[in-house]
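This is what each chain is made of:
Protein chains: 4
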Amino acid sequence: MRVGVLTGGGDCPGLNAVIRAVVRKGIEAHGWDVVGFRHGWRGPMEGISRPIGLDDVEDILTRGGTILGSSRTNPYKVDGGVEKIKAVLADQGVDALIAIGGEDTLGVAKKLTDDGVGVVGVPKTIDNDLGATDYTFGFDTAVHIATESIDRLRTTAESHHRALVVEVMGRHAGWIALHSGLAGGANVILVPERPFSVDKVVEWVTRRFEREYAPIIVVAEGALPEGGDEVLLTGEKDAFGHVRLGGIGTWLADEIANRTGKESRAVVLGHTQRGGTPTAYDRVLATRFGLHAVDAVADGDFGVMVALRGTDIVRVKLAEATAELKTVPVERYAEAEVFFG
Amino acid sequence: MRVGVLTGGGDCPGLNAVIRAVVRKGIEAHGWDVVGFRHGWRGPMEGISRPIGLDDVEDILTRGGTILGSSRTNPYKVDGGVEKIKAVLADQGVDALIAIGGEDTLGVAKKLTDDGVGVVGVPKTIDNDLGATDYTFGFDTAVHIATESIDRLRTTAESHHRALVVEVMGRHAGWIALHSGLAGGANVILVPERPFSVDKVVEWVTRRFEREYAPIIVVAEGALPEGGDEVLLTGEKDAFGHVRLGGIGTWLADEIANRTGKESRAVVLGHTQRGGTPTAYDRVLATRFGLHAVDAVADGDFGVMVALRGTDIVRVKLAEATAELKTVPVERYAEAEVFFG
Amino acid sequence: MRVGVLTGGGDCPGLNAVIRAVVRKGIEAHGWDVVGFRHGWRGPMEGISRPIGLDDVEDILTRGGTILGSSRTNPYKVDGGVEKIKAVLADQGVDALIAIGGEDTLGVAKKLTDDGVGVVGVPKTIDNDLGATDYTFGFDTAVHIATESIDRLRTTAESHHRALVVEVMGRHAGWIALHSGLAGGANVILVPERPFSVDKVVEWVTRRFEREYAPIIVVAEGALPEGGDEVLLTGEKDAFGHVRLGGIGTWLADEIANRTGKESRAVVLGHTQRGGTPTAYDRVLATRFGLHAVDAVADGDFGVMVALRGTDIVRVKLAEATAELKTVPVERYAEAEVFFG
Amino acid sequence: MRVGVLTGGGDCPGLNAVIRAVVRKGIEAHGWDVVGFRHGWRGPMEGISRPIGLDDVEDILTRGGTILGSSRTNPYKVDGGVEKIKAVLADQGVDALIAIGGEDTLGVAKKLTDDGVGVVGVPKTIDNDLGATDYTFGFDTAVHIATESIDRLRTTAESHHRALVVEVMGRHAGWIALHSGLAGGANVILVPERPFSVDKVVEWVTRRFEREYAPIIVVAEGALPEGGDEVLLTGEKDAFGHVRLGGIGTWLADEIANRTGKESRAVVLGHTQRGGTPTAYDRVLATRFGLHAVDAVADGDFGVMVALRGTDIVRVKLAEATAELKTVPVERYAEAEVFFG
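So the sequences go chain by chain: A, B, C and D. Going by the working numbering, the first residue of the first sequence is number 493, and it counts up by one from there. Going by the working numbering, the first residue of the second sequence is number 493, and it counts up by one from there. Going by the working numbering, the first residue of the third sequence is number 493, and it counts up by one from there. Going by the working numbering, the first residue of the fourth sequence is number 493, and it counts up by one from there.
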């Protein structure tokens, strides 16, 4: 048997751990040939592949990125894309595919399965916003890095009696903000799921200063002030013009400085959150995902995605898996509010 | 309302995060007075306590250890111990207790509830061997530290063509060995749940050397070779005399060296695994446990323990919680075996 | 004898290590009373102080920030400021001062010594731009943090075939950029000492992409393109308008994207570089500075600053110490250029 | 021109950074062919080599170990060893060698130069015990790792009111113990240069417990109690029998427990100290060593070793460089004693 593996979409710590597990189990337990397709779906479409053996994956568990490269190519948006994939797989004698990626990659995986190609999906989103699994790998690493930064920023904030706004990843879901904010002891946490009142933020910040501490505000990049959308849509640049240039973190730091008269600074963590070596947690999760994806292929159980439920790895239909975005529920946010101010 | 909190048993990263969450939510959400009892159950027995306010917990989230101190005192093994506790609580006007600890501490919590004292438990075991919860805080930190060490040891092993045996914590359960072994890319993982064959270990090690890599063997402190118990019981010191002195890691490194003729070294990670700042994962888990313990007290729901199930914090009866040791199941160990050799 | 200690200027990892060493040696070796003045020079001017004993410094070695607080108050810019200090010192029976700070703080220390107050200086600048000492504490920590970030950003850059611009601290001196750029394997390093040619940067970046790697560009916040000053002075905002808003990093990332057609992103490390626990190197250096400052006071050798020369701690006159900014010399920058492109 | 490079002796973080700098500068600045010899001096003796190009060193800066492998082979202890090296170099057209290693490797380098082979040395010793240079790379990494461990152990010691003995590397020189002890806030530091009085250690430990803190004792593996040598020589095993089995750390922990009645534990950091990614400090130092070694070769200045003096890289004669062991001087140890107890 000959099985292909590919990675699609953005960088995420743990991709290599999945690849390693697939190769290792495919070869050691099943005697398969494993083939790596390069650059996401471009690989099987254009026939860019190479065999991956045990030696190729010896040294990759601890490394960020993906040895296969990635892309956002979608064969369903390319003329004859699906036919090309089928031809390449037939030509190379590849019997099944393991596709590691986010919503887009898994969406293609689902359609391909419907179209007769055997695909098993492995979920990947640093934002943890995929509903069908408790957690995705990469998320713990992002939270870990953001928390380390918050730890460091606290002493600086305290020494200078400043407000510090830390902007973390999360365009549509506030999981990284919520978890790193809780772990870092943030005094305000702002998420995309819940438009925030600047007055309320100023109130928390002021209370903090009155208690003679320095406030740390963790804000997801996708968080917006109440009415922020409208203002942006109407193009009023005075009030929110900074948003596009410097992001919500910079905008909020300015607002806090203006309204409280206190020094206020923003730090935008940016891409540091998604690179580098994965945490132990993410290595274990990614490894287990890889192993169970191989099991699904061995069982001929295609059109599924591996997922974490409690401490178990289970299989869910790709159709369900990509159905909806998992956002921070009201009660989880409420849980954190007791630490605000 | 006046609520007491105490920590019992061994050190574990995240204890302070629980205390902080209890104090913060107790005061901010319920207006309680929170009282810290010192030295585990000795505190409420001997009346050693002090009020804990918001300022006392400002700075403790990131710190290992416990600001309350700990002990292994068991009031049920002290004459009149339970009566003393009741008298102290009555005297200090304490209405309920939150007890953070392992099997022993929670066992006392259960009995006290039966005896009419309102107690809510928070589980704490670095070994992750408590059945009623998916994970306990401290475990992720221990795995993280062990994994960092394995990462460092790999290059040394490779440079010197040596076998390296890493002994990690885990007397009765192999969770730390399993997870850090998977995360560190270990070539053999040995756990207390499964007596190991030295011949098999030597086979894996040899195969590894033949592939021109250096083997890393992760062994839980409680792992034993097949027949190890008997040998130890009969007092044959020649074969296993080293075990008591240097631990299983040292013993195994010697065995490997003797049987393969290759250099072999042991590193015993020891107490470094259970101290210092908790990982972000453990801080979030410990914080959520603390918040939900307060909810249980507020609900008057005593005799329960908070527990993680998937991504939810739930309550379980203390009676169930302490009933059995959660060991590494056969299938989880089997999952890892594909990486051996 | 009664000796005061104070910290002035910006936050810097290692301040608490100096304070601890001063207190420990002052008390243990000399039997002094040690007094901490709060908020830099404001403390001795306004009489805000408290005794510091051994217990106060037990727990501070590993912590960022300063337990004494800081400020930028300059008694020579306050009416009667110096007289106030003399009066406070006389009143509190303080015989000598140890002042930990940068150029401004040490400038005051020098003048005060001339005016009859016994002061010993301890140099502090995260930028490492003080000429009289090989290194200052805080610098190694800043370089360590910047390097960790570069390590993480590399895999992201590679996975996405992007240029990544990392903006680090250094308004007037490029030491942090130079050292973190060397340690992180940067493909271009830009420092304030040397206006850069954007054409040349684009050439290096292009070469890097041609070799199928992703370029990492480390730029000090104070670095400017050739002609940048003039352009800024003449107020031409089109070309350099972004500089003020987003900093040189963002500006440069835009330039690279525009000129190469490749995706390009900026990460501004900002305040994360100056907070949190010091590296072992900085803890040792800060500790030794504190010990030797006590020796100078004990010798009655005022108007001096402790400094590192090779592996020795020496004393230099404060007058020399604050005379000139230590910038990156031409040959040190040239040394690094072999790694560009 | 064709230049060979090799690494000899034990593992040390930074070896790959030297190799990368040599290759990069050799090729980019001088247009050399660079050849890597494998397994230390075995490589040039047996002709085991391969060309190293820019791509080979792209990814190695952050990695521990050495891509060239290492050995302790000494051509002067092999019949005709030197002649073999000359023949291989002539055969492969190699004009000069850069040898990275410790005392042994550099001793061979010196003799080879005397025997007409052009060699430039790069010093490598994790123990920092080479007299001709302020610091060697690898040392800062070892101190960093030991300090992180001490930080973690402190909270465990405090929570359990235990004495914790941390055994670090250093057979003949106590530099790692001294620096990690200072950086970690150790309460006793014991080094090979100074036989210690167990009574004195017990006194410090006791004082610490009386102040209600938990003592941390950092001991170099080569430290010995007063009279320890004699006792060992006379073979009295009762008193010091544990020394050989468990090392000085374990022995000392037992002594402390026996004499104070307090719980006492030993942690032996072992090989974790010498593997894994180098600190930023070590990467910069190693890189600069590599660059300057190339300069020396380009100048035809053989028989020298590069060395750090203050912030400069200088050249010293190999003869001087290997003449004597740099141990911890009396005054540096005395400096630290103020923190004992």
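I should point out that these hints are in silico values taken from the structure, not numbers from a laboratory. Don't take every hint at face value.
[Stated by the list, open to error] Calculated lysine to aspartate or glutamate pairs in the DMTMM-like style (CA-CA distance at most 20 Å, straight line):
| # | chain 1 | residue 1 | chain 2 | residue 2 |
| --- | --- | --- | --- | --- |
| 1 | B | 603 | B | 626 |
| 2 | D | 692 | C | 596 |
| 3 | B | 818 | A | 587 |
| 4 | C | 576 | C | 550 |
| 5 | D | 809 | D | 606 |
| 6 | A | 754 | A | 804 |
| 7 | A | 818 | B | 587 |
| 8 | A | 692 | B | 587 |
| 9 | C | 692 | D | 595 |
| 10 | C | 818 | D | 804 |
| 11 | D | 576 | D | 520 |
| 12 | B | 692 | A | 702 |
| 13 | C | 809 | C | 595 |
| 14 | D | 818 | C | 804 |
| 15 | D | 809 | D | 538 |
| 16 | B | 754 | B | 791 |
| 17 | A | 603 | A | 626 |
[What the hints assert, rightly or not] On the chain A side, residues computed to face chain C include the following (Cβ under 10 Å):
| # | residue |
| --- | --- |
| 18 | 640 |
| 19 | 702 |
| 20 | 763 |
| 21 | 767 |
| 22 | 768 |
| 23 | 826 |
[As the list claims (entries may be wrong)] Pairwise CB distance ranges, derived in the manner of DEER restraints:
| # | chain 1 | residue 1 | chain 2 | residue 2 | range |
| --- | --- | --- | --- | --- | --- |
| 24 | C | 804 | D | 542 | 36 to 46 Å |
| 25 | D | 542 | A | 521 | 28 to 38 Å |
| 26 | D | 691 | C | 596 | 42 to 52 Å |
| 27 | B | 582 | C | 596 | 35 to 45 Å |
| 28 | D | 587 | C | 826 | 40 to 50 Å |
| 29 | D | 801 | C | 826 | 12 to 22 Å |
| 30 | C | 663 | D | 522 | 55 to 65 Å |
| 31 | C | 663 | D | 821 | 48 to 58 Å |
| 32 | C | 816 | A | 664 | 36 to 46 Å |
| 33 | A | 653 | C | 570 | 14 to 24 Å |
| 34 | D | 542 | C | 751 | 36 to 46 Å |
Ideal placement from N, C-alpha and C gives every residue a C-beta, glycine not left out.
message: Verify the CB-CB distance for residue 663/C and residue 821/D against the hinted window 48 to 58 Å.
response: Check failed, 39 Å falls outside 48 to 58 Å.
message: Holds or violated: residue 809/D and residue 538/D, Cα atoms, limit 20 Å.
response: Cα-Cα ~27 Å, so violated.
- request: May I ask you to test the hint 35 to 45 Å on the CB atoms belonging to residue 582/B and residue 596/C?
  value: 60 Å, violated
Interface hint compliance - residue 763/A to chain C, C-beta minimum distance less than 10 Å: 5 Å, holds
query: Regarding the hint that residue 768/A lies at the interface with chain C, is the smallest CB-CB distance below 10 Å?
result: This hint holds: residue 768/A lies near chain C, its Cβ roughly 3 Å from the closest one there, short of 10 Å.
- prompt: Given residue 826/A as an interface hint, is the shortest Cβ-Cβ distance to chain C below 10 Å?
  reply: 30 Å, violated
task: Just tell me: holds or violated, for the beta carbon distance of residue 691/D and residue 596/C against 42 to 52 Å?
output: Check passed, 50 Å falls within 42 to 52 Å.
- prompt: Taking only the CA atoms, is the gap from residue 692/D to residue 596/C under or equal to 20 Å?
  reply: 45 Å, violated
- request: Starting from residue 754/B, check that the Cα of residue 791/B is at most 20 Å away, please.
  value: Since the Cα atoms of residue 754/B and residue 791/B sit roughly 62 Å apart, the hinted pair is violated (cutoff 20 Å).
Given hint residue 767/A near chain C, where the shortest CB pair must fall under 10 Å: Holds, about 4 Å.
- request: Mind checking the alpha carbons of residue 818/C and residue 804/D for me, to see if they're no more than 20 Å apart?
  value: Given pair residue 818/C, residue 804/D holds - Cα atoms ~15 Å apart, limit 20 Å.
20 Å limit on alpha-carbon distance, applied to hinted pair residue 809/C and residue 595/C: 13 Å, holds
Checked against the numbered hints above, the structure breaks hints 1, 2, 3, 4, 6, 7, 8, 9, 11, 12, 15, 16, 17, 19, 23, 27, 28, 30, 31 and 32 and satisfies the rest.
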